[in-house]
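Undergrad: For reference, the chains in residue letters:
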Amino acid sequence: MKDFIEGIVAPIDRDNIDTDQIIPTEYLKSIKKFGYEDYLFDGWRYKDQGRLGIKKAERKINHEFILNNSPYDESKVLLTRDNFGCGSSREHAVWALRDFGIEVVIASSFGDIFYNNCFKNGVLPLKLKKTEIEELFSLSTDNPVTISVNIKDKVILFKDKLSIYFDLDDNLAERIIYGLDEIDITLKDSKLIKKFEEHRKENNPWIFE
Amino acid sequence: MGYTIYDKLWNEHLIRSYDDGDSLIYIDRHFLHEVTSPQAFEGLKKKSLKPWRINANIATPDHNVPTTRGNEFSIENIEDNISKLQVVELDKNCNDFGIKQFNINSNNQGIVHVIGPELGLTLPGMSIVCGDSHTSTHGAFGCLAMGIGTSEVEHVLATQSLKVRKLKNMRINFEGSIQEGVSSKDIILYLIRTIGTAGGTGYAVEFAGSYIRNISMEARMTICNMSIEAGAKVGLVSVDDKTIEYVKKHSNLEANLINDAIKKWKNLTTDKDAMFDKEIDIDVSKINPQVSWGTSPEMVIDFNEKIPPSSIFSAEKRKSLDLAKNYMGLSDNQELSDLDFDKVFIGSCTNSRIEDLREAAEVLKGQKVSENIHEAIVVPGSGMVKEQAEKEGIHKIFIDAGFQWRAPGCSMCLGMNPDQLSPYERCASTSNRNFEGRQGNLGRTHLMSPKMAALTAINGRIVKEI
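If you're matching them up, the sequences are chains H and V in order.
Using my numbering, the first residue of the first sequence is number 1, and each one after it goes up by one.
Using my numbering, the first residue of the second sequence is number 1001, and each one after it goes up by one.
Next up, chain H with everything else stripped away, as it sits in the complex (with noise of 0.2 Å):
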């Protein structure tokens, strides 16, 4: 159960930031669902091309980037823009922010097929206002600081300075917490898909041929 999450909050002051830049194309040719934490940003994260497979040990590092400084490298808070997410459909690009150590990504706005991934794979996609987003820009971009996701209640706080509610639907908040497994939810649907289909099937036989 995952219901609170606590950490660092880097913030990467850029709008429409795109799953090519999330993850390039080139660490896509992996077969696995895991194991992508040293590819995330890698274009901006590294001053060299990667291939897959290379670790972060053996890249020319962007100290310029902030997640390759400490106390960042171990943020479990992204912030950002407009926009985060947008572009191709690739799972890998939530699978490297969850590989990295990415528990939460704050943005006003996301790309709708990475905000639908996101749920599945336990990172929070949280969407807030614009004024909100200035307001947490404006205290973590200076010094580090460490905020808390209650995801029950709704709420991000920072110590007694600041409480943000979100909106999140309850089936989307039950996800993050409970880590559902869907294909076993809708398979209790069976009978009901069955029923479907055959009934599709009998009135539009050209799409069963």
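Please note: incorrect hints may appear among the correct ones.
Below, a sample of chain V positions facing chain H; criterion: calculated Cβ distance under 10 Å [said to hold, decoys possible]:
#1 His1013
#2 Ile1075
#3 His1134
To be clear, the hints were calculated from the coordinates, so they are not data collected in a lab.
Yeah, the Cβ is synthetic: ideal placement off N, Cα and C, and Gly gets one too.
Fit chain V to the known structure of chain H by using the hints.
TA: The following block gives chain V in isolation, referenced to the frame of chain H:
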């Protein structure tokens, strides 16, 4: 009150709604490729599950395949071992589960969004998903088509259904006649420039208006293809005679079955009194050829415009614009026509259909690729497109001009195969994304139509006049 085509498709596929606002929809067609499927198949095996309905699934390798391959090529010849493994895995998974695959040696292999329609596997009224965001392409046929992640690929394989939330309805009315030299690619780039890359987020976008009615199915596919670049995972067009003509020509269905189907397909249009959550009117007659200058598909200008100075934008936007200019090696008020290009790529699921190749070839006839361009490649979207082009002699025009005539695949759109940009190389590309590093580490992409790409190939630069 009437229904939009999206509403009709939604109702037609709705299995059940849940209390929490989500719904379960039935999936008619599932396309698979080698990049986003291996983890889904692995998950299926771990759970000892089998695909729910084998025939719903169609697979082809497209992202990783080398485009320099000839007829004798086999998977074993893929030089990059990691790419090879992915193509082998797809082969293995399709064999293990009995899924129909157009493999690397098939005449019908190609980019998954190109082969679906041309093989008659995309039919009006279908719900179609694929682990690829450009699945919106199939919306051109009045389909409920969208890209999904790998967990959802596994879910669709296992359950033939998808858990989703209904989107809002948006309609874009493109009215008027386009100027000469303008194509559907320019129209969609102009739209993205206008509403932004998040403009369609949360919406199913219907493309309508006299312009849409007048254009071919290929051009409609180009527009629906890039609806995701405007943020909309679903882009679609109401069914009309053109849709039905195309499907009749490409389908293998028996005559009586197709006649029954047509009666149903004719209802796949938005009702006159349907309501949209948002509606936008665009006069296409004023649109010039468009070229992207930055690292987001909304960073687009007319081909003869200057790079916009960051100072005219809001403070929040300015930072991203400056970063984009820095990455692209550009400065404020620079003319696009000042830039020297290194490579030209004609291809991708956006612009690799026969019409796109004809459009480029018309410009290239009797012309030569500029000496400054050190690689110009044309990658047909499928075996069928390639064959058709060769029948028409289009390949000769490309080759005579100095283009390389390649085998089908996604190729330099995303550079998962050896077709890539080197650092700082500038490319005129008919693809869909100009993101940093998309075509190769530190590569610089300018998105444009096939015609503009061909003109850039000849001149080595963006032309000042058309």
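Undergrad: Using the nearest Cβ pair, does histidine 1134 of chain V come within less than 10 Å of chain H?
TA: Given a least distance of 8 Å, the restraint on histidine 1134 of chain V holds.
Undergrad: Given isoleucine 1075 of chain V as an interface hint, is its Cβ closer than 10 Å to any Cβ of chain H?
TA: violated, 14 Å
Undergrad: Does histidine 1013 of chain V pass the interface check with chain H, least Cβ-Cβ distance below 10 Å?
TA: It holds, given that the least Cβ distance between histidine 1013 of chain V and chain H is near 8 Å, below 10 Å.
In the structure shown, a violation is registered for the earlier hint numbered 2 alone.
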